[in-house]
Amino acid sequence: MGGITNIDLEKQAIDLGADLVGFADVSSIYLESGGDKVWDDPIRLAPHLQSMIVLAIRLPLGVAGAGDEKAMQNASGIFAARIEAIARRLAYYIEREGAMALVVPGLITDYQYSNTLEFTPAGQGSRLLRAAGVAAGLGTMGLNNMLLTPEFGPRIFLGAVMTDIPLDSSKNKPVELCLGLEECGRCATVCPAQAIPLNNPEGASVAEIRNLDEAACATYSQPFGVERFVEHLKTIFGSESSSDRRQLIRSQMTAELWQNVTVLRHGAMTGCQKCWLVCPVGEDFDKLADSPHRQNDQVGLSKSSPVI
Amino acid sequence: MTMRDELFAYAEEIGADTIGVCSAEEFEAQVPNRQKPSTTANNMKSMIIFARHMLGGALTHSSLPYQARNSHLVAFEIDEITDKISRWLEDRDAVAVPVPNEAVFTDIDEKPMGSLDFKWVAEAAGIGTVGLDLNLLTPDHGPRVYLGVIMTDAYMEPTEPLDRDLCPGMSCGRCAVICPTQAVPTEAPLGEGVRDYRDLKKKSCAFGATRIGARSLIMNLRAVSAATHDIDTDAAIDNLYLRDLWQSLNSKAGAFASCFECWYVCPIGKKDFKPMYGAPTRKNDLPRGSVVHTKENDVHRVTHRGPPEERQHEYERDSELASILDIDAVQRK
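Residue numbers (my numbering), protein chains in the order written: chain A, 1 to 308; chain B, 1001 to 1333.
Don't read these hints as lab results, they were simulated from the structure. It should be emphasised that the depicted structure is a prediction, and the values quoted were computed from it without experimental measurement. Each residue gets a CB set at the ideal place from its N, CA and C atoms; glycine is no exception. Worth double-checking, as some hints may not be accurate.
Claimed, not checked - Stretch by stretch, here's where chain A covers chain B in the computed footprint (C-beta under 8 Å, at least three residues):
no. : region
1   : 1069–1083
2   : 1190–1201
3   : 1248–1261
4   : 1278–1287
Construct the entire structure; sequences and hints are all you get.
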């Protein structure tokens, strides 16, 4: 396999545009993810591809700080696609060196076993990729099951390459980054879907209460995604009169559904990132808090602002 | 160093696995339908064709959605290499016309098709030979490649066709044995070369390769519209098939280039077949003894078997809605 090392791969990934790179043995991801919770368990589906290189690209502050949600959704989709392209180029580099590789799709599911709820919150990446991010030392899982990183908090999109090269797993793993509900709770406060725990037993750890009502989250993070598509078609065909049906067909909803599936593509999963924008974890947070677009937010952005 | 030599060195640097050149004029004269170079651009002299392999890791992963997405990532590779070669040519005062590698058009012939049939360009340019099931086979990666073409007005010396067929034809027959939709010939006259009997029932192949694409959608809609009883519209909409269709529209996964059974088993490919065949996930495709040859009455036959049972349902999406709604499926023809 040409003797590729972690150092070679990290350099290649950074040169290709990744902001963060980590390495994990797939068996450690399995443990992190709870095994039966992911349909795309790498040990079951490709036991010979023993290593995963986990990549992250940051959401630029200009996008994260933008006030227009549609603009954010669109730009986020572009970055989610970009990390997949970086993974692709890394995978081909690995195969040029004589090993085997595959791109782990960030936002593709198998509806026989799962659905797009696995991309909540915010379209950061699938359950597998977030678990892989923890196993690869990129960060820890937050209160709402998003991956938090020391550098960029949750404001990243994830990609990965699986390979048969035996690689050293990342050694330095951050300790718990999430401040939890009692110390922080800002994501829970700001969530428009109330999808994040708002209560916990006193003294409970983040690991004990971490949760996300994925279906509720998806009503905002996938506002015109597959479930809204199904619902809209059911409404059309369930209408009593042909004029009602015509009105529904010609509605703004139809146009939005069309745009999400054909134009926004990855962006169909990145419709809400409110939890990202208020999370104080990450070296980038202070700059984000200074963005003029965010000064009127209900939940204060400076680290000393109280939680409502 | 000729322009062609420089181009080939550059193409290898930017990722082309193999590259060749074919004369546009000579190719134009051979094509019996409108899939000619002139359909895309007039007065081009050369057609540059290259191949990019599909990741071996993708072909040995057991998830079809993973494979389906990875196959479309190769299309992005093709686009990027095509763009770079085009710019390289135009930086040297040539005109470069990239030919669409995925799009089909409805004004080429009676049926939708690409503006140029890349596999024949590839065979003419000597980067491979067309095999039993009409896949292009390449020496290093067998059929497990996608192709890109750039036409140019720059004259380059054509590369020679290969002097022998890479495909052993019916003496192998593995693609014919495993094809889930029986699209590949399973018999041939004894003693004839593969060029005499290579073929593909394209409609049948499409049932598998575009398993959540246009063909299955049309078949499912036809079944629903021909139903002889009232349809439960909620059941017709709120199901696995429609969600898969949404995903195929959103990401192309499943829409086309989504069946790889013949690719899994083709033994041609110096660089990739052995590692792929050695993967634990590929061991069950055609177990030892499952390729059965008979030779009688001057006919060489292989016995069709299909893919392993756990995958067969993936290639029956054209009857999925009918099955959900308990109506008659439209028969494949």
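How the hints compare with the structure:
1. Counting residues of the region 1069–1083 of chain B whose C-beta lies closer than 8 Å to any C-beta of chain A gives 5; at least three are required, and the coverage claim holds.
2. Judged by the Cβ-Cβ criterion of 8 Å, the region 1190–1201 of chain B is not covered by chain A as claimed, because only 0 of its residues qualify and three are needed.
3. A count of 4 residues in the region 1248–1261 of chain B with a Cβ less than 8 Å from any Cβ of chain A is obtained; the coverage claim is therefore met, three being the minimum.
4. Interface restraint, the region 1278–1287 of chain B with chain A: holds (3 residues with C-beta to C-beta distance below 8 Å; minimum three).
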